[in-house]
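Peer 1: Build out the structure end to end from the sequences listed, making use of the hints.
In order, the protein sequences belong to chains A and B.
For what it's worth, the numbering used here labels the leading residue of the first sequence as 19, then goes sequentially.
For what it's worth, the numbering used here labels the leading residue of the second sequence as 14, then goes sequentially.
Rather than coming from a laboratory, the hints here were simulated on the basis of the structure.
Keep in mind that a hint or two might mislead.
Unchecked claim - Non-contacting residues of chain B with respect to chain A, defined by C-beta distances greater than 10 Å in every case (computed): (1) 16; (2) 25; (3) 34; (4) 36; (5) 37; (6) 44; (7) 45; (8) 46; (9) 53; (10) 80; (11) 81; (12) 90; (13) 91; (14) 95; (15) 104; (16) 107.
What the hints assert, rightly or not - The following label-pair restraints were derived from C-beta to C-beta distances: (17) 50(B) with 317(A): 50 to 58 Å; (18) 79(B) with 128(A): 52 to 60 Å; (19) 309(A) with 67(B): 49 to 57 Å; (20) 274(A) with 79(B): 24 to 32 Å; (21) 67(B) with 265(A): 54 to 62 Å; (22) 406(A) with 79(B): 31 to 39 Å; (23) 128(A) with 52(B): 51 to 59 Å; (24) 276(A) with 90(B): 35 to 43 Å; (25) 90(B) with 230(A): 41 to 49 Å; (26) 317(A) with 79(B): 38 to 46 Å.
Said to hold, decoys possible - Just so you have them, the derived chain B footprint on chain A, three or more residues with Cβ under 8 Å: (27) 46 to 56; (28) 161 to 170.
Glycine included, every Cβ here is placed at the ideal spot set by N, Cα and C.
Below, each chain spelled out in residue letters.
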Amino acid sequence: MSWETVIGLEVHVQLATKTKIFSAASTAFGATPNSQACAIDLAMPGTLPVLNKQAVNYAIMFGLAIDADICQESVFERKNYFYPDLPKGYQTTQLEKPIVGRGSVTIQLADGSEKAIGIHHAHLEEDAGKSTHEGNLPHGMSGVDLNRAGTPLIEIVSEPDMRSAEEAIAFAKKLHSIVTSINICDGEMSQGSMRFDVNVSVRPTGSSVLGTRTETKNLNSFKFMEEAIEREVERQIDLIEDGGIVAQETRLYNGDTKVAKSMRSKEEANDYRYFPCPDLLPVLISDATIEELRQALPELPDARQKRFVSQYGLSNYDSNHIASDSNMSAFFEVVAKGSSNAKLAANWVMGELSGALNNADLNFSGSPVSPQQLAGMVARIEDNSISGKMAKLVFEAMWKGEGTADEIIQAKGLKQVSDSGALEKIVAEVLDANLAMVEDFINSDESKRKKKLGGFMGQIMKASKGQANPQQVNQILLQKLNELL
Amino acid sequence: MTIERKEIEKLATLSRLAIDEKTIADVTGRLSSVLALVDQLQNANTDSLQEISRPFHTSQRLRDDEVSETDQRDAFQAIAPETHNGLFTVPKMIE
Numbered sequence: 019m020s021w022e023t024v025i026g027l028e029v030h031v032q033l034a035t036k037t038k039i040f041s042a043a044s045t046a047f048g049a050t051p052n053s054q055a056c057a058i059d060l061a062m063p064g065t066l067p068v069l070n071k072q073a074v075n076y077a078i079m080f081g082l083a084i085d086a087d088i089c090q091e092s093v094f095e096r097k098n099y100f101y102p103d104l105p106k107g108y109q110t111t112q113l114e115k116p117i118v119g120r121g122s123v124t125i126q127l128a129d130g131s132e133k134a135i136g137i138h139h140a141h142l143e144e145d146a147g148k149s150t151h152e153g154n155l156p157h158g159m160s161g162v163d164l165n166r167a168g169t170p171l172i173e174i175v176s177e178p179d180m181r182s183a184e185e186a187i188a189f190a191k192k193l194h195s196i197v198t199s200i201n202i203c204d205g206e207m208s209q210g211s212m213r214f215d216v217n218v219s220v221r222p223t224g225s226s227v228l229g230t231r232t233e234t235k236n237l238n239s240f241k242f243m244e245e246a247i248e249r250e251v252e253r254q255i256d257l258i259e260d261g262g263i264v265a266q267e268t269r270l271y272n273g274d275t276k277v278a279k280s281m282r283s284k285e286e287a288n289d290y291r292y293f294p295c296p297d298l299l300p301v302l303i304s305d306a307t308i309e310e311l312r313q314a315l316p317e318l319p320d321a322r323q324k325r326f327v328s329q330y331g332l333s334n335y336d337s338n339h340i341a342s343d344s345n346m347s348a349f350f351e352v353v354a355k356g357s358s359n360a361k362l363a364a365n366w367v368m369g370e371l372s373g374a375l376n377n378a379d380l381n382f383s384g385s386p387v388s389p390q391q392l393a394g395m396v397a398r399i400e401d402n403s404i405s406g407k408m409a410k411l412v413f414e415a416m417w418k419g420e421g422t423a424d425e426i427i428q429a430k431g432l433k434q435v436s437d438s439g440a441l442e443k444i445v446a447e448v449l450d451a452n453l454a455m456v457e458d459f460i461n462s463d464e465s466k467r468k469k470k471l472g473g474f475m476g477q478i479m480k481a482s483k484g485q486a487n488p489q490q491v492n493q494i495l496l497q498k499l500n501e502l503l
Numbered sequence: 014m015t016i017e018r019k020e021i022e023k024l025a026t027l028s029r030l031a032i033d034e035k036t037i038a039d040v041t042g043r044l045s046s047v048l049a050l051v052d053q054l055q056n057a058n059t060d061s062l063q064e065i066s067r068p069f070h071t072s073q074r075l076r077d078d079e080v081s082e083t084d085q086r087d088a089f090q091a092i093a094p095e096t097h098n099g100l101f102t103v104p105k106m107i108e
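Peer 2: What follows is the structure, given as structure tokens:
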């Protein structure tokens, strides 16, 4: 029997506000434990929440970015459960009247096709604190750091519109691209800025009834997400084919050990006794506020991709690749404008630079090579001062902080020889020194001659210490050999 | 609508409340009468009314996104039952 996979995602996005959603404590990552947990975050008696305007604005911006309805009267509710990292005994969240209503996100797939994934809604809520169970702790104890408690989140809930891990990853990456492009989230997955809960079920192909789903929680990398989905699909199919039944449950996937396990049975825990939070009034959002935010909305990835094609003449593939990353896009544009060869700029940004940043675990904003420096180097390739091969040496030196491209070319004597007089002299010398090769070339069939050119090129480049302009050498060489025929 | 003993026990578990045998009957009776009141309210005709979540016609005041809280960890941890190296500590809660 063949099976169809059905996937829906719940995505938690930490909003890039300076303060918590209901208190004026800082949200900066990596602070000393509990130094950013104030009386409100700790649920001290007598405290009251005061809603952060920026968190509301960011949620509206997300709604506008996915063409969703903005709920102009939205309401906070209490979701009640007990856990040590939730001091109030309830999470302040939204249920009946979330701030962002139905919307849609278009994903691009590997075969070039597009698919619209429905967004059911997105709501504002607070993050919980962080528990640690290992390390320097008294025996039998867990430690709780409440710095994260109260950090504003939007939870984005998709429709079960995805049919494969590939689609789910494309959707997750697209959301990452959108929230970082409109600057409402820093997108730092390793710091938990975006976390994914994946709902997976399977059903016989052609069936319109959904199978029982499981929820794998808290995946914070695209790779782990892909692995978790693939394993869960396999597990469910095996289970059903062996006559078993999929239980609705919450699962945890450990990306290091590649093992998923059941966390708790949903029926028992899923009784949150929601009710409207009496401490918070309804949030009213005016048409004027929505319009103001719409006007100020930064360029979205899809629009940027189209602009890269029309403005810089990039291919669909290159423009998609660059436009999906707002930092890479900003970097690329400086390089493209500073070098007047956008295609070459794109190749260096996507190739050498991306690779080096990846190896060093850095992002574009922390690149040791500035976009201006890279533009300077691309301009020297463009005007034939250096070859692509020499450019790699220049790039390495720039990476190590040895200066601008021009300074490095000067200091290392890398300047490409494009003076035709000098090149003709080198070519002539190499031909004189390799008469046997020349004779062999003349006596060969025309079809084989092209292949033999490589031998001469190698000798010439060696004689010029790699500094000869290869295109010019090729031309001169052909001309000289043709004269001998 | 009445509430059953079983539901009271489940609610007590979810709310982490200890209710002894003697009180269960009493609590069941009292909550049932609250629910009876709700039933009565349900019967009121509200067709011409718009749904509201609050009895006031005001909306939430919003705060500017500026940090004004300072680190008062020592004061808070001085009244916490247990702490260790700046963390609040609780009985281990992982399976």
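Peer 1: So, for every hint listed, does it hold in this structure?
Peer 2: Here's how the hints hold up against the structure:
1. 16: Correct as stated: the minimum Cβ-Cβ distance to chain A is 14 Å, above 10 Å.
2. 25: Given a closest Cβ separation of 12 Å, the condition holds.
3. 34: Holds, because the least Cβ-Cβ distance between residue 34(B) and chain A comes to about 23 Å, which exceeds 10 Å.
4. 36: holds (20 Å)
5. 37: holds (19 Å)
6. 44: Holds: least Cβ distance 13 Å, greater than 10 Å.
7. 45: holds (18 Å)
8. 46: Since the minimum Cβ distance to chain A is about 19 Å, residue 46(B) lies beyond 10 Å and the statement holds.
9. 53: holds (19 Å)
10. 80: violated (5 Å)
11. 81: violated (4 Å)
12. 90: Non-interface label on residue 90(B) violated, nearest chain A Cβ at 7 Å vs cutoff 10 Å.
13. 91: Per Cβ check, residue 91(B) is outside 10 Å of chain A; nearest 12 Å; holds.
14. 95: violated (8 Å)
15. 104: The assertion about residue 104(B) is violated, with a minimum of 7 Å to chain A.
16. 107: It is violated; residue 107(B) is separated from chain A by about 5 Å at its closest Cβ, not greater than 10 Å.
17. 50(B) with 317(A): 50 to 58 Å: With Cβ atoms ~55 Å apart, the hint holds.
18. 79(B) with 128(A): 52 to 60 Å: Check failed, 45 Å falls outside 52 to 60 Å.
19. 309(A) with 67(B): 49 to 57 Å: Cβ of residue 309(A) to Cβ of residue 67(B): about 26 Å, so the range 49 to 57 Å is violated.
20. 274(A) with 79(B): 24 to 32 Å: Since the Cβ atoms of residue 274(A) and residue 79(B) sit about 40 Å apart, the hinted range of 24 to 32 Å is violated.
21. 67(B) with 265(A): 54 to 62 Å: violated (40 Å)
22. 406(A) with 79(B): 31 to 39 Å: Hint violated: Cβ distance 50 Å, outside 31 to 39 Å.
23. 128(A) with 52(B): 51 to 59 Å: Holds: the Cβ-Cβ distance is about 57 Å, inside 51 to 59 Å.
24. 276(A) with 90(B): 35 to 43 Å: Holds, at about 39 Å.
25. 90(B) with 230(A): 41 to 49 Å: holds (45 Å)
26. 317(A) with 79(B): 38 to 46 Å: Once the Cβ atoms are compared, 28 Å apart, the range 38 to 46 Å for residue 79(B) and residue 317(A) is violated.
27. 46 to 56: Result for this restraint: holds, n = 7.
28. 161 to 170: It holds, with 4 qualifying residues against the three required.
Going down the numbered hints, you'll see the structure goes against 10, 11, 12, 14, 15, 16, 18, 19, 20, 21, 22, 26, while the others check out.
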